[in-house]
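Chains as they are written, first to last, in this note's numbering: chain A, 1 to 316; chain B, 1 to 337; chain C, 1 to 385; chain D, 1 to 482.
Treat the hints loosely; a few may be bogus.
List time: in silico EDC-like cross-link candidates among lysine to aspartate or glutamate, alpha-carbon distance up to 16 Å [what the hints assert, rightly or not]:
no., chain 1, residue 1, chain 2, residue 2
1, D, 357, A, 175
2, D, 218, D, 57
3, C, 34, B, 160
4, C, 75, C, 110
5, C, 75, C, 335
6, C, 136, B, 307
7, C, 357, C, 378
8, C, 383, A, 141
9, D, 333, A, 187
10, C, 136, B, 160
11, C, 161, C, 174
12, C, 161, B, 307
13, C, 357, C, 282
14, C, 384, A, 77
In case anyone wonders, no lab produced these hints; they're calculated from the structure.
Chain by chain, the residues:
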Amino acid sequence: MKRALPILAVLAILLAAIAVANPHFLEPAGFLAFLKRAAPLVILAAGQYFVIVSGEFDLSVGSLVTAEVVIAARLIDGEESATWPVIALLIVVGLLVGLVNGMATTKLRVPSFIVTLGMLLILSGAVFLWTGGAPRGALSEGFRMFGRGSLGPVPWSVLILLAMGAAAIWLMRADFGKTLMATGDNERAAALSGVRVNRAKIFAFMLSGLAAAVAAILLGGFAGVSAQVGQGLEFSAITAVVLGGVALGGGRGSVPAAMAGAFTLEALFTLLNLYGISGALEFTVQGVIIIAAVAARAIRLPRTFTPRRGDAHAAS
Amino acid sequence: MDTLSRSRRPALGSEARGGLAARLREPTQMVFLALFGLIAVGWVLVALDGGQFLTMESVVGIQQRSAALGIVAIGQTLAILAGSLDLSVAYLISLTSLVAAEIMAGRDGNILPAVAAVLAVSALVGLVNGLVITRLQVHAFIATLGVALIIRGIVDHLYDGPAGKVPESFQLLGYSRIGPIPLSALLWAGVAVVAWFLLSRTRLGYRIYAVGGNEEVARLSGIRTSRTIVITHVLCSVCAGIAGLLLAGRLGAGAPTVGTDGGYDLESIAAVVLGGTALAGGKGGVAGTVGGVLLLAILDTIFNQLEINSFVKDVVRGVVIVIAVAAYARRIKGRST
Amino acid sequence: GCTTDKPASTTQSAAPATSASQSAQGSGTGAQSKFFVQADFDAQLAMRSQTPQGPSDKPWEQAIAPKMVDTAKYKKDGPYQLCFSNAAVNNPWRQVGWKSMQAEVGLHKEISTFTALDAEGKDDKQISDIAELQAKGCDALIVSPNTTATLTPAVTAACGKVPVIVFDRGVQTDCPVTFIKPIGGYAFGADAAEFLVEKVPAGGKVLALRILPGVDVLETRWSAAKVVFDKSKVQVVGVEFTDGDAAKTKSIVSDYIQRYGKIDGVWMDAGATAVAAIEAFEDAGLPVPPINGEDQQDFLQKWKDAGLTAVAPTYPTYQWRTPIIAALKILKGEEVPKMWNLPQPKVTSENLSTYLKPNMPPLHYALCGCETLPGFPETWGGKKN
Amino acid sequence: MDRVLSMRGIGKSFLGVRVLSGVDLDVAAGEVHAVVGENGAGKSTLMKIICGVHAPDEGTVEIDGRPVSFGHPLDAQRSGIAIIYQEFNLLPERTVAENVFLGREPVRRGLVDRAAMEQATARLLDELGEHSFGPRDAVKRLSVAQQQVVEIVKALSVNARLVVMDEPSAALAEHEVELLYRLIGRLRERGVAVVYISHRLREVFDLADRVTVLKDGKLVTTLPIGEVTPDELIRLMVGRDLGTYFPPRSTGAGEVRLSLHRAGNHKLRDIDLELRAGEIVGIAGLQGSGRSELAKAIFGAEPFATGEMTPSRPRSVREGVALGIGLVTEDRKAEGLALRQSVRDNALLVARATGAKGRDGVGDLLERVRLSPPRQEQEVRYLSGGNQQKVVLAKWMTMAPRVLLFDEPTRGVDVGAKAAIHDLMRELANDGMAIMMISSELPELIGMSDRVVVLRDGRIAGTLPAGPSEEAVMRLAASEVA
Ligand SMILES: Nc1ncnc2c1ncn2[C@@H]1O[C@H](COP(=O)(O)OP(=O)(O)OP(=O)(O)O)[C@@H](O)[C@H]1O
Ligand SMILES: Nc1ncnc2c1ncn2[C@@H]1O[C@H](COP(=O)(O)OP(=O)(O)OP(=O)(O)O)[C@@H](O)[C@H]1O
Ligand SMILES: O[C@@H]1[C@@H](O)[C@H](O)OC[C@H]1O
Ligand SMILES: [Mg+2]
Ligand SMILES: [Mg+2]
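So here's chain A without its partners, still in its complex pose (with noise of 0.2 Å):
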């Protein structure tokens, strides 16, 4: 937790500058609309960092989402008994994909960067394939619920959120997460002291699959079909997990730490916005901020102990 000091700082300013500019967000409602709109960042670095920690990558998570909203679209076609069989369904497809990611990385020997790229490839295509190039169908009420209802002032995704972030807490703190953790930080140690290594990663990229068929469903509930749904998503998940303090490479950072990261972000975002910054300088100033968080952090710590670059060589 102590990790998670400098990012719940930094979200704190966010959020604090955000409430000068609308004092409406401190209230209940305003506030619950942030988390509300948070919730699938939040719900995928989540997933995302089990991948990172374990010393991969997953950049299939953004077409993972996009191909999860048009197959429940095509399926649901608005059929409300569709609903519950389709829900299913996701979370399966969001765990074989994850299966299959770390099939590929662990047995294959293929460096989970390159696998996860021809996932993003394969996903993005097969889906528009079987839909002709565009969603068709439509999303029920019901499953829509997910993402824009609410059970009484609370909207659900509030609460599947915390379910999620408790999940991921505690499956970090079980012994699950911390072979995992041993495994990313060196997996030779770990296997030597009889960790599946393997099958701890293909877990790690099956979480991230779940994470990913999690906010599909969050963000198709809160917008309805859309083919841009998880347009970048990958990048923007792996970005909050590193703005979290989460070392590309593995073997650091916490699971809460990377979720602030998320929240992070998305203050980011929607402060760039209520100050009108120029949508496309958006882009710039989120830029300068990452490499400067993520630059701060290296620099502070003293020399010695400081990860060379290369001990991150990310992509193998």
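Chains B, C and D with the ligands: place on chain A using the hints.
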């Protein structure tokens, strides 16, 4: 306390020198075998479909289609060989296409200043990438993603559509050909040869391999590793700048989306690893990348000729990339045990 | 030998840079787009009230104020090979249109081969595609350009070799035999803006939502709306890009609702995310203000169900049938309009029920002109009822 | 005397742990100066300061009487200093010539002169009498000994005024060591200064003009080689008598915990071995004789392919662990610990990996292994080598193993921790565990073992009862050489 250290270790493998067969099993050579295989398959498929596979036009098309990606991928090869990678190339291509077309403004006399400006801008971006990675110690993935966002913001802020005008004479770069060989392909070949030369014949090239192979070993051997990484990023960005020039020549204007539409960031990385260069760095080379780019282009051509829709193509590409890299991994494992 | 696949000159009608009507500042609409051409604006607005020529039950064969050109020099005997360079099939609008075009091809026995290449939204690929298609011995080449300026050289090059038909987005050369499009973006944008100006009380706050900058058919929509708004008493409180993304649209609208408390009208340059915008009001517990969408089923359905105050200008997808018809006319030596302006109806609360077809999928476009084509409705994702 | 190198009052700490303090070292032109000391005495660190890898925290370095402060290995290289590092320092994917001239490639008209580079490499290889490989071979295809030759060639190619050799002979065969001798002789004639580090005292007495002894990061003394005997040198290095030090031996072996019959794999042949409760079995052998492989095969990490093992032959680490076998690996950092995780998480790693219970006792365990002070939440990378090794021990003790294999358990561990580990090993044996111990330090091996099994070329060359002489062990281990 004399330790029991007198040792004799048997040589790891009987073959100390690699024969032809071993060389062909190098990933960078395998990609060419795959390429020829694919051409054969393409030939059969297209013939069955009642078409002709490698017509003059499709050969020209293959080259035209691959030139821009080819040039970016050469730059990306350098970055990856040095153990880094560059996600900012796509936006940089858009930016430089605009810089080129805006400065040219349709006048022949402005071509040289425009080219100079493009090279300067791209070198500067590469410098920033390199310094953020080495000085600020930001992981290359995040550093270049951040720089990509910065460029994106600037481009989107300043432009809302194609702008500038490239004079006729410079458009020849995008359209002219000598016999079946387009000028753009010659430019690509030129960049490839220069990069090959750099990697195989200059100290910088040796250092790039060393830094990517093992940064610590390189440093202990007296190599200024940070400097090498920075220079590599400058070169990578300059390649993107050249691709931007080429695309400006082809489009007759600069376009704020030409880089991202082409997917040059991830596709160039895919082409490099398809060509057998290790994503972790230190191993591979330009020849493999050329093969990787051609492989993707031939795939495109086959799909074009068979009029298979682009979605199938994405699926096939994804599968091909993963399988190819898996095959390389298998080779390497098979040899070292 | 040294050859070039590029024509000697591509400098016709360089840039439509005659920016007119420096609009009132402070109206919130920003500076006028460089795509704005006053003459075209005037012409399009006028066309809205003109009666098109041709069979009224086949709007895709109709033309408004056509200036016919002779095509005798292209006349040849069938069967024909038609080629099509498509910018992309990456949105529902194009998907519906593409289906209609293929079905249209199926109607004509005299077309022996129809070769289509998809540029996947990449200018550079489309340039290569056009070059490659020329080599296939096409009798006519249909182009739906990805972007206007950048595809101009490639289209110009093709003009020298085959009769070229351009539709949807334009190019900056008049070398194609015919350019097919509905009335156009100015009419679309003005239709929607005029509706809002009429329905939104003076001083009311209007939010304008655009997909993305730089595409002429979309730029003209906004620039026309801008002209209308600038002359009106409504206040445009924001012009935002949505990337055509429903989630982003919904977030933006919610933010505006939060910031201004109340939004009195929503203008959109395309209908794909209209429902998301509407939902933002619903979710905030507010009545939906006057809004425009497009002829997409989900919007029309919502309109009817929620009893909205709305209008739906169209950019009819039936225009995808016309290039095939035009190509055949040209190859048979029949004259065609140089500028083939198709009628561009708008959906209003009066005629809503004729366009709303509950058996069609939500992202279907009502003006597909596909009802009489073989394979309808299944090919377009609809259910037989 | 013509001083090439002069170091004064050198001090250095890593992560707050003092590794060197107040060390002086003078090396003259044409002198071979040996530096000796126990593992972890700070020899390599001192060399890395000479070569610009580390900057000293305190003290001065002079080259040819001029003070220098190297910020980068390149600076040292330019001052005419070459080094053979103790760790491998080659790029496996590149050729021999490319490695030899790494960072100093000869250029002609701006281009790397491959031919010159390969010729020069060939000439140096020739001088060393090395004909088993050539300049164009990829380093990854070479054996460890061949790679060591490349390292030597690399250092020689610099034409340096000062050559530092940090255990250059460790991987060399006898005839190669002799070539190395001759080479060093030639360097001496040319007036080059040589700093020579080796654990083999014979080499020190053969080669050196003077010897500097380090102990626990401090200078003990510098003496002309003629003024010291081997026994005295050992005493200077260790600072006490070795014989009395080890805990008392086992009182009697118990039941057979594990037995091997004609077991073998790619590296091992016909291994017959019994490990009994209460007993410490020492495994001796030359480097590369297969000691580590034996431990890994028993453990299941590089399983036996043939033969029998009772209770059963594990095919994976997990099967080994399930049989109650634990392995303390020889390379703590690469194979033993997740360095960025806490002491507690590392100690619990095996328990968690196997889903075992009994984690509440981890605090007691850490106390039992005498981790001092027991800071459970600290990341292990901040601990000293000895404390790190204790964490590895605790990790295995959570599962109460029946058999515990130790591979170089005290490598890089300081004297105090070493004693603690020795005591602990005996304690575990007395509690009924079967222990197998591999060590390259013969005195330790002899002092600890109830039985010494000697490996040679992957086979058991012989077994000796408790307390054999070093000569007896050596004879079995290296009979082909003797
Ligand atoms: N980079 C480093 N960071 C932290 N500790 C280090 C580092 N390098 C060396 N040490 C520690 O410094 C001490 C001295 O190590 P050094 O390698 O100099 O010993 P040595 O005398 O060369 O031993 P050996 O005979 O085993 O090679 C050891 O305790 C080691 O763990
Ligand atoms: N001289 C050397 N330098 C570096 N690494 C070496 C050297 N000799 C062996 N190795 C590697 O280090 C490991 C440990 O070698 P060690 O000195 O413990 O001898 P060993 O255990 O008898 O060797 P092996 O386990 O190969 O039989 C070996 O497995 C080998 O991979
Ligand atoms: O004309 C537009 C078309 O070009 C685009 O692809 O989709 C939306 C349409 O309105
Ligand atoms: Mg040492
Ligand atoms: Mg060993």
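Quick rundown of the hints versus the structure:
1. D/357 - A/175: This hinted pair holds, its Cα atoms lying about 11 Å apart.
2. D/218 - D/57: holds, 14 Å
3. C/34 - B/160: Holds. Residue 34 of chain C to residue 160 of chain B sits at ~10 Å (cutoff 16 Å).
4. C/75 - C/110: Within the cut-off at roughly 14 Å; holds.
5. C/75 - C/335: holds, 10 Å
6. C/136 - B/307: Holds, at about 13 Å.
7. C/357 - C/378: holds, 13 Å
8. C/383 - A/141: The given pair, whose Cα atoms are some 20 Å apart, is violated under the 16 Å limit.
9. D/333 - A/187: holds, 11 Å
10. C/136 - B/160: With Cα atoms ~35 Å apart, residue 136 of chain C and residue 160 of chain B exceed 16 Å; violated.
11. C/161 - C/174: Holds, at about 15 Å.
12. C/161 - B/307: With a Cα-Cα distance of about 22 Å, the restraint between residue 161 of chain C and residue 307 of chain B is violated, given a limit of 16 Å.
13. C/357 - C/282: Not satisfied, since the Cα-Cα distance of roughly 24 Å exceeds 16 Å.
14. C/384 - A/77: holds, 14 Å
In the structure shown, a violation is registered for the earlier hints numbered 8, 10, 12 and 13, in ascending order.
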